[in-house]
Amino acid sequence: MLNTAIVLAAEEPSPVLPHLSEIILGLIAFLLLLFVLWKYVTPRFEAAYKERAEKIEGGIKRAEEAQAEAEKALQKYTAQLAEARAESARIRDDARLEAEQIKEELRAQAQEEAARIVAQGQAQLEAQRAQIVAELRADLGRTAVELASRIVGESLQDEARRTGTVDRFLDELDSVSAPAKN
Amino acid sequence: MRALWLAQGEFNPPGAGDFNLPPIFAGVTKPMVLIVLSVIIIAVFFLMASSRLKIVPSRFQFAAESVYDFGRNNIAREQIGSKDFMPFVPLILALFTFILVNNIFGIIPLIQFPTMSHIGFPLALSILIVYPIYHGVGFRRHGFLGYLKHQLVPPGAPKPIYLLLTPIEFFSKFIMNPITLAIRVFAAMFAGHLILLVFTLAGEYLLLEAGGILKGVSVISFAFAIAMTFLEALIQVLQAYIFALLAANYIGSALATEH
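One line per chain: the protein sequences are A and B, in this order.
In terms of the numbering used here, the first sequence has 85 at position 85, counting the first letter as 1, and numbering is strictly consecutive.
In terms of the numbering used here, the second sequence has 115 at position 115, counting the first letter as 1, and numbering is strictly consecutive.
There could be a bad hint or two in this list.
Negatives, chain B to chain A, calculated, CB over 12 Å [what the hints assert, rightly or not]:
no.: 1; residue: I42
no.: 2; residue: G81
no.: 3; residue: I104
no.: 4; residue: G120
no.: 5; residue: H142
no.: 6; residue: G143
no.: 7; residue: P160
no.: 8; residue: L163
no.: 9; residue: L165
no.: 10; residue: I175
no.: 11; residue: L194
no.: 12; residue: V217
no.: 13; residue: S218
Here are the simulated DSBU-like cross-link-like pairs (lysine-lysine), alpha carbons at most 30 Å apart as the crow flies [claimed, not checked]:
no.: 14; chain 1: B; residue 1: K83; chain 2: A; residue 2: K50
no.: 15; chain 1: A; residue 1: K39; chain 2: B; residue 2: K159
no.: 16; chain 1: A; residue 1: K55; chain 2: B; residue 2: K83
no.: 17; chain 1: B; residue 1: K30; chain 2: A; residue 2: K39
no.: 18; chain 1: A; residue 1: K72; chain 2: A; residue 2: K55
no.: 19; chain 1: B; residue 1: K83; chain 2: A; residue 2: K39
no.: 20; chain 1: B; residue 1: K83; chain 2: A; residue 2: K61
no.: 21; chain 1: B; residue 1: K54; chain 2: A; residue 2: K61
no.: 22; chain 1: B; residue 1: K54; chain 2: A; residue 2: K55
The hints are simulated quantities; they were obtained by calculation from the structure and are not laboratory data.
Keep in mind the model is a prediction, meaning the values are calculated, not measured.
Glycine included, every Cβ here is placed at the ideal spot set by N, Cα and C.
Build the full structure now, drawing on both the sequences and the hints.
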């Protein structure tokens, strides 16, 4: 048994001594595989990875852009809204102010008108009164002279005396009626 | 003990000779066929997967992308650095998938032969591919003397130490690195396949040749063969990963600006 083993071992080529044919074949086979991977496989995978990365990055970028745009639009609308609010408030204030002004003007106008009407009435009254007083004065003088001449019977033809009497009387009358009038 | 085993026929334990299969035709052996088959499998897989890449991957594309990403990000980028790794992605990916498929052949029914258990194949990869590339990019990056200094005189040691350190560094980086890289995967595949052979052949022998109660022991032997197959699957993937990882690590250290 031991002998046969030794004989076998002597016949067997050592496993650590390489066959030249296997080295050459292994080299050629590997170089062939390396060539295929280098020439076709790696570029394709890398291109696909690049495309994928770009797609993802592009998507993110697009989303960011859309978000920024939306943000901007929102800001614009908010600004516009605020502006519109301010505008409406301003218009309201203006309108209120104007209304106030108009009211004031109308009131002033009405007061003026009223004052004017009152003044006119007073002037008219004054004129009528003056006219009436003048008429009454003339009338009264004549009536009084007539009455007096009838009562006294005496001729009061004397112009001087007559006017003097009447005037005196009227003055007295005036002085009596003047306090009453005031 | 042995006398019991040898009750009827003689049990020939499997040895290195079992790895030298007779040529299938005209000097072409099984590992040669397998190595070509592996190239076809990987090339077709990646070419099909990459022929119509979509932004949203299909299930198949996702699987291919996972393999590609593993080689690209987890091995190449981690070890070489994100600045320089891109040109080496095909190399690292090819190393990883090539060794992976050839290792996995060891547990695929009917094929059941890890190509890398023939040392010629890993040697071709390490001495003729990885070794020239890694020192080549180092010389190109740092200049001839600059790269030698970069590799052989690591900074930070006291001066007399360099008398000892520099020869060791030279020996490890320019002589041992490619050999150990090849031997690591070769030895793992060789030993793993041998273990599977031992348990399977022993189980068969016990079942057919052993007498009486010893026949039952074959069950244990087969159970071990199955358990070792699972372990082998793990080791095969791990060895492919380690080979690609170390290759990337060598390239990264050759390109690194400081240690």
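Status of the hints after comparison with the structure:
no., hint, in the structure
1, I42, "violated (6 Å)"
2, G81, "holds (17 Å)"
3, I104, "holds (15 Å)"
4, G120, "violated (3 Å)"
5, H142, "holds (25 Å)"
6, G143, "holds (26 Å)"
7, P160, "holds (37 Å)"
8, L163, "holds (33 Å)"
9, L165, "holds (29 Å)"
10, I175, "holds (16 Å)"
11, L194, "violated (10 Å)"
12, V217, "holds (20 Å)"
13, S218, "holds (21 Å)"
14, B:K83 / A:K50, "holds (17 Å)"
15, A:K39 / B:K159, "violated (48 Å)"
16, A:K55 / B:K83, "holds (23 Å)"
17, B:K30 / A:K39, "holds (29 Å)"
18, A:K72 / A:K55, "holds (25 Å)"
19, B:K83 / A:K39, "holds (21 Å)"
20, B:K83 / A:K61, "holds (26 Å)"
21, B:K54 / A:K61, "holds (21 Å)"
22, B:K54 / A:K55, "holds (12 Å)"
Hint compliance for this structure: hints 1, 4, 11, 15 are not met, and every other hint is.
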